[in-house]
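Keeping the supplied structure of chain A fixed, place chain B upon it in accordance with the hints.
2 protein chains.
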Amino acid sequence: MSTTYTVKFDIAPEPVEVPNGTLITDAALKAGIEISQPCGGQGRCGQCAVQVTSGKVRRRSTVRLSAEDVAQGYALACQTVIEGDVTVVVPPQDKIQEHLTASQFASEVTVPRGYDYTKVQSIQRIPLTLSPPSMEDQTSDWARLKTALLKAANLEDAHISLPLLLKIPAILRESEWKITTVINRENFSDGIAQVIDIQKGLTAEDKPLWGAAVDIGTTTVKVVLVNLLTGEVKGQAAEYNQQIARGEDVISRIIFSTKENGAEKLRELVVKTINNLIAKACRRAKTKPSQVYKTAISGNSTMMHLLLKIPASSIRLAPFITVVNHIPSLDAAELGLNTHPQGIVDCLPGVASYVGADITAGVLSSGMDDTEKLTLFLDVGTNGEMVLGSKDWLVTCACSAGPAFEGAGVLHGMRATEGAIDEVWINKETYDITWRVIGNEKPKGLCGSALISLLAEMLMTGIVNKGGNICHSLNTPRARKGSHGGEYVVAWADETQIGEDIVITDVDVDNLLRTKAAIFAGFTVLADSVGVPVEMVEQVLIGGGFGKFINVEKAIQIGLLPDMPWERFQFLGNTSLKGAYLALLNYNDRKRIADIADKMTYIELSADNRFFDAFTSAMFLPHTNMSLFPTVEESLKSLRET
Amino acid sequence: MSTTYTVKFDIAPEPVEVPNGTLITDAALKAGIEISQPCGGQGRCGQCAVQVTSGKVRRRSTVRLSAEDVAQGYALACQTVIEGDVTVVVPPQDKIQEHLTASQFASEVTVPRGYDYTKVQSIQRIPLTLSPPSMEDQTSDWARLKTALLKAANLEDAHISLPLLLKIPAILRESEWKITTVINRENFSDGIAQVIDIQKGLTAEDKPLWGAAVDIGTTTVKVVLVNLLTGEVKGQAAEYNQQIARGEDVISRIIFSTKENGAEKLRELVVKTINNLIAKACRRAKTKPSQVYKTAISGNSTMMHLLLKIPASSIRLAPFITVVNHIPSLDAAELGLNTHPQGIVDCLPGVASYVGADITAGVLSSGMDDTEKLTLFLDVGTNGEMVLGSKDWLVTCACSAGPAFEGAGVLHGMRATEGAIDEVWINKETYDITWRVIGNEKPKGLCGSALISLLAEMLMTGIVNKGGNICHSLNTPRARKGSHGGEYVVAWADETQIGEDIVITDVDVDNLLRTKAAIFAGFTVLADSVGVPVEMVEQVLIGGGFGKFINVEKAIQIGLLPDMPWERFQFLGNTSLKGAYLALLNYNDRKRIADIADKMTYIELSADNRFFDAFTSAMFLPHTNMSLFPTVEESLKSLRET
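Which chain is which? The protein sequence lines are A and B, in order. Under this note's numbering, residues 9 to 650 are what the first sequence spells out, in order. Under this note's numbering, residues 9 to 650 are what the second sequence spells out, in order.
Chain A extracted, bound-state conformation (with noise of 0.2 Å):
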């Protein structure tokens, strides 16, 4: 007989009853409270502290609390076990922001030309008129159907699932004899589909035929509802992915999914999220999830696994591999979505742990594959994936960029979000900053491309030097020594929502120096396997949310990006989900996903010296070799003479 003890959470209604031992997030969740683990419960972030105000507890780990946060009772939640009769305070938990950039992305999908959907368009709806049997005509109903339909839609077969099959008798009798099919043409091109629905009555031909293209970012997922018949889109949302809440970074979800149930929990966030979505996209559209008949999801590899709940603690480890790549096609009643239960899945395909279907898709929805111009396609995010290459060939890696540029791993980075400040610009003489910040409220920390801007803003300013240290003998309050070294304040706390001054620190630089090394060593490496010199390169593609706010000028004074005229950067903003739409609507499309998929080398580059060297050399501002960063070299001489 195991000893059970009562936990009394403040914010849950009732008292719960767990057996000696339990973790405190496991009580909880028994509460029906989530406490957020942005690590995964590994006990690193710190994130879960909840404050035991009496009973007894045993923690195993106390990273990140002080001996005071202890003594008032402070506890891991996911580090600390009940050995008795316990009272537990919650402190008010982060909530997720719901940022809703839904009229951002839906303005960058736009119906390719000529797009004519009986072409290409997998799922088609097939209004079928019967004769109705006879003494004379015995056929069975279903080839009856069978017969009707591959005429009405010049097919060589017609396959059929048990469970519908069921339903053709009553369905073709109460509807005397007028129906419409709903089919599904895999293989677009062979002349063979399967029936997926069959509706009572003739379905009037322009009512639209709705599908959902689907990106699963780590951190957020979009969907985009589409009328298939046209290829509008009528609808679409975006929020972040629910299991954010179980492991900020792939690694911890990883980790949490390993654990008991773990798997299964972060199946049941991103499915919700995803549905979630859809519905809202739907109720955009004026209609209802189960019209959905069609889905492409693209994601990166572990997003991929975890919505399948399939085992990815391979993708962690070395040598990083995944269970599969090419995902077969499902029906959405097996994964859990809330469209059509006999509607079709389609997970696109991805060619290594760390170059999923997002980057195959982002390949896709560029048109790099289809050029003869030699091609850099980017896409910085956690990570940074980059792929070379043309019609001909394509070479991709995944550097562990690190999240620096997501707002991690900086004292006061922060996601692009209201109150970021997403763009500064500093007075060469003065050393004083002014800053725009999204929703045009007061700061509460930096984003992304503020930091790039900020960083390079700096050098420029001499502010920071070449190998990262803010000089804090300028003659300037901002530039100061705090307790890590150098920092330069951007905005003083009186002028901030938070309360404190907002500084960039020698830490965070090194941090973003490294992010940034570890991306240019990657254009590196990739360019050398194929003996291919970098400023050949015609032009370079950059995809991801990320992308879209980077202003290449800074971005190449830093050396994140390599330094070449202007024209050649496009930003495609979010191609993972534009990939996902064109797959949605085009066969041809889909097919060139695979090919692409197929068709791209991957170099690993924790296996690869030279990455190393490379990572070595670009850790300088904007790099150790300045012959690779003319134009920089050339501001800067001009900058400090004048």
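I should point out that these hints are in silico values taken from the structure, not numbers from a laboratory. Warning: the hint list may mix true and false statements.
Just so you know, same-sequence chains aren't split out, so a pair can sit in one copy or run between any two.
[Said to hold, decoys possible] Each computed DSS-like pair below joins lysine-lysine, with the alpha-carbon atoms no more than 25 Å apart:
id, residue 1, residue 2
1, Lys381, Lys242
2, Lys175, Lys267
3, Lys175, Lys273
4, Lys127, Lys474
5, Lys208, Lys399
6, Lys436, Lys607
7, Lys296, Lys208
8, Lys175, Lys215
9, Lys317, Lys294
10, Lys159, Lys607
11, Lys38, Lys288
12, Lys186, Lys474
Okay, now just chain B, sitting in the frame of chain A:
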């Protein structure tokens, strides 16, 4: 608020509470008692009679009950509703006998000459030794497995389901990259396979790979368990179809299937029967159902519909339409079979409501679709199905012959089980009779083969005339006048197990005449429809369990079979099971059955005036047109002359 009453069944441990107006059968079910309803609860057969010893009930119908029965409280359970607290006595149910014919039917199935499973078996077991992943080889688990599989099995492509995909990483790593896959090549020739199982370790090449062939008869279900590597039958089992308690014939079962939960109940019963038999056959072969990877199922169209819970009511009513004849391939889990959950279940195709997979499988196993000889294939059961043709064309029809030859509709008729007289001889001088009984015991009744012989012997000895009337003026106490016209005593009461005279009556003879006339009329119309005289038929192949025991001479004498030399007749045994066995083993045979089904032209007799004419002409012994039966005419003449 509805009134409820207490019902106490003598054989149930506890009384049950039911609402006013509940049928006794439903109350019994609630008490855990299954009252046999051979007519499907239509109130026609009288088999569900129970005795209400106290309390108020209302009888909707009292068919087959005498006024005296009713006075004693007897009531039809399927037609009587409860209107008060009642006590019910359930008479001992006819226990459905398990008549194991395993040894009989297993011997019929022989391994096809030159069977080479690597060339024709769609289920294959492929052991694979994979090279582990490394930083130099980061192929995904599935791609690694698939590449090795395609090479080892010489395939173009391979697919896998999500549930199996999820298991790959653990299996590969725990087995140290040595595994055995089981694949299914649905279209053997296209080089595409579905992985249906992955086992740890390398399985020995000669370890059996199991499949099952199933014949779902309306009465009996038979299973043979086959080692797919060699084709050998290693286990077999047969028992009554458990659906029989819900209706003896297909019509009664269809009616039952339209009642609330009726279809689900029938599905459960037949699935339970099949699972029992597979388990039994597996025990005999010292293996487990979960090791069975493929099941080929034959049976008539109603049996197939009920197995899959496909609404069957359109089969019963004009214009007699099936929902589907070609059922898609299913997996065992979908169907509820106890074999390997991803095991393939292949339901063979039929042609029409009353020409099902049992007949297409029969045609295959008869080989008539591959011969130059004009062949008549005949399967006599409750219906008489027949096929005429050769390799160039096939026509088919079904005549509702009625179940007279199965013992129904005949006063002392019974199935061919122990205690049944199965052969008789009548002395033409004394009109005395000798007989043979199955099991060498005292007789209980007459089975089909005995009825044919008896009718022929009575005709030849003048006990019955051409019109089917029993002559009761003969010098024998055996031929006498009974309550319904003439009758002939086959066994005296003291010679029997039943304590009464076993007789055949004018009514019985009339029923038998109808049956044989329907079958003969079937031939006539089939032959007529293609313009071929019946006598041009070069061989008559007779399938079905019943066929095996027919005495050709006698069957010709009564005009059941056409008058042609005996050497043209062949008895093939259970051709439905044989066909399923062949389809289980050989992909080409499976395809051939589909071709046979496509090729067969179905002629609906109930819409054909020629059938009524031919039927009327055949309502004599042997026929009105004696020129069709020259040898019988000859025998009759010579017998009467001596």
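Hints, verified against the model:
1. Lys381 x Lys242: For Lys381 and Lys242, neither the intra-copy (35 Å) nor the inter-copy (66 Å) Cα distance is at most 25 Å.
2. Lys175 x Lys267: Between copies only: 17 Å across, 42 Å inside.
3. Lys175 x Lys273: For Lys175 and Lys273, only the inter-copy Cα distance (18 Å) is at most 25 Å; the intra-copy one is 34 Å.
4. Lys127 x Lys474: neither (57 Å within a copy, 71 Å between copies)
5. Lys208 x Lys399: Neither way: Lys208 and Lys399 sit 47 Å apart in one copy and 42 Å across, limit 25 Å.
6. Lys436 x Lys607: neither (48 Å within a copy, 90 Å between copies)
7. Lys296 x Lys208: within (18 Å within a copy, 45 Å between copies)
8. Lys175 x Lys215: within (23 Å within a copy, 42 Å between copies)
9. Lys317 x Lys294: Answer is neither; intra-copy 32 Å and inter-copy 36 Å both fail.
10. Lys159 x Lys607: between (37 Å within a copy, 21 Å between copies)
11. Lys38 x Lys288: Intra 29 Å, inter 46 Å, cutoff 25 Å: neither.
12. Lys186 x Lys474: Close neither inside one copy (75 Å) nor across copies (54 Å); limit 25 Å.
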